[in-house]
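K.L.:
Protein chains in written order, with the working numbering: chain A, 1 to 383; chain B, 1 to 345.
Possibly wrong hints are sitting among the right ones.
Which bits of chain A does chain B cover? Going by a derived footprint, with three or more residues having C-beta under 8 Å, they are [what the hints assert, rightly or not]:
hint, segment
1, 30–39
2, 70–84
3, 229–241
4, 267–280
5, 289–300
In case anyone wonders, no lab produced these hints; they're calculated from the structure.
Ideal Cβ positions, reconstructed from N, Cα and C, are used throughout, including at glycine.
Listed below are the residues making up each chain.
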Amino acid sequence: MNLRIKSIIPQLLTLLFVVAVIGFFTINAQLNMEERGIDFGYGFLNQESSFDVQFSLIEYDGSHSYAKAYLVGLLNTILVSVLGIIFCTIIGVIVGIARLSPNYLIRNTAAWYVEFFRNVPLLLQIFFWYYAALRALPLPENTEPLFGVTYLTVKGYYIPRLIWENFDILIYSILASIISIVFIRNYARKLQEEKGQQLPVFLISVGLLLILPAITFITGMVQLDVSLPVLKQLSKTSFIYAEGISVPPELIALVLALSLYTATFVAECVRAGIQGISKGQKEAAASVGLTPNQILKLVIMPQALRIIIPPTTNQYLNLTKNSSLAAAIAYPDLVLVFAGTALMQTGRAIEIVSITMLTYLTLSLSISILMNWYNKKIAIKEK
Amino acid sequence: MLRTLKALVYLLTSIALLVSFETSAFAKKSKTLKKTQKMGFVRCGVSQGLPGFSNADASGNWTGVDVDLCRAVAAATLGDSGKVKFFPLSAKERFTALTSGEIDVLSRNTTWTLSRDADIGLTFVGVNFYDGQGFMVRKSSGITSVNQFKAGVSACTNLGTTTELNMRDFFNSKGIKYEPVTFEKADEVVAAYDAGRCDTYTTDKSGLAAQRIKLSKPDDHIVLPETISKEPLGPVVRQGDAVWEDIVRWSLNVMIEAEEYGITSANADSMKSSDNPAVKRLVGAEGELGAAFGLDNDWSLRIIKQVGNYGESYKRNIADTGILPDRGPNQLWTKGGILYVPPAR
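My request is simple: use the sequences and hints to build the entire structure.
P.N.:
Printed below as a string of structure tokens:
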């Protein structure tokens, strides 16, 4: 009994302390806001925002509500995070493996890359890509096309706009091919387990993914029109490309900086993961007659992933949170649109900052949950 | 017994009366004023560098008409116009800095609007510069009027300003689709515009004139003649301290009224023997104007002597630096402008 009380008292005290601190801040904020005539409430979210945003994934202009502006910012944050995570993973894996290469040049180039990019502050890198690298790009009228139909200019990267007809049929065909791939893979595994025969699953999968959607085009069910960027004159010396899609230079600079920076950390995770597998595993796999590709795919990677995933999750979270530096170079992310312009126009600091914090928390937790689920899936299952 | 009781009642009543007088005299002194006098400096929020309004030189000396307003408040309340601590703030930070009590005066080319005045715990005390939003473009573009803008035009501006809203109103009314590119710092806007990211740079015209100097080739750019909005810029204080609000308001008004009566930093002392009672009141030779704020009677004299009148401040900061030599609407009402302040009496 005595012991139980003893163990409860510190917990109670801690709880009381936390409640007191939160209470103090709440009451303090309330009193001060009352004194200065500031009211509190989330009603402003339904008001007309009356400001425009440079780049939005959904239809938005100033006649929409602040809630919609929030959504615009959130989607832009998610866009830059997803792009950043994809690119940093690709670069990170390549560089991580390159660091273990027997080739002196490749190994050392990778090492230099890692040391350079992870030791320069991220904000500086963002400024570099935006103000130094992208500023060196030509004006629209002087631009040579890249890949024939795209134009990389100081005002943005102009790419053709795709205009689909019956886009849903294409989606169905892709879904159908994915489902059939799953069936074929199951069949191949059964074949392997029962008869020891191997099917070229990878080749069949790629083939299916290409052929089924291609049929929809050939039969004319799905049609694709491409609207190419066309140079348009705004004034005597000012030009843009109209008709196509313009990827703002702010987005390019941000994705470049974020993925190059985070890739260094991912590369180190990958290197650590591969080096964490003992040499004996590789030798044993080779001695039972597996090819080098099979060794990497069936023996090394499944074990290395267990080491790689948890620290890489951290890097994904960092990247998402670092994307808030976007405000420095005018990329309209959540911080710039909502915690910037919207906060300024409404003056509702407490409401908006609290919503923004909760949003980042939710984003981070979602990534965390997803990665934990994946980690559990590949973890050693004790039988 | 009765006499002693009576005496006691008298004593208590007189003490109570004394105390109540004391507190009423005390109430005149504002909380912010007391704090300022205790700290020994005025905490003043300014811009991060806008020539003519608030700009720091290489050795950290601030100059500008917005800066002079803070210096005037320091001269009035602390007796020394040098006792100001400047806080450079971005447009995004400025109101939070004021409402959270980090600064006591915000003098940062801030537009007076209804929602800012009424909604977010701020009070605008006056106008020290009448401005309007304009556009700057490259001369080579051949654009000479806002009517020549075409759909697809990209416009660089500052985040969290009235500019963002005016710009939308303007382009919408013309039915032009535009691309707003908003930066937090003025320097970033200028850099982006200079590099060709944007076709036009839009902000208050005074700001355009001041920022043009920062461009690599100022002569290659022009400010278009049209003005698309009203931008009355003025100092702001926190809501809830009416006396402090009055001190800042009248520090500004004294500067403008001093110009009206021809009182300058050079002749202020000799004006004490003027025949005009309005002049004598302004230099503290007549009346008890300072007492209303809990200040001494020389507060206005110090402002004029140490900072100068509005005309001197304008000439020193905006005209002589070549930003806007023509005073335009920022001229006294007696000389064709719209500067008109209530009488100090």
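K.L.:
Hint by hint, note whether the structure agrees.
P.N.:
We went through each hint and held it up to the structure:
no. : hint    : in the structure
1   : 30–39   : holds (count 5)
2   : 70–84   : violated (count 0)
3   : 229–241 : holds (count 7)
4   : 267–280 : violated (count 0)
5   : 289–300 : violated (count 0)
When held up to the earlier numbered hints, the structure conflicts with 2, 4, 5 and fits the remainder.
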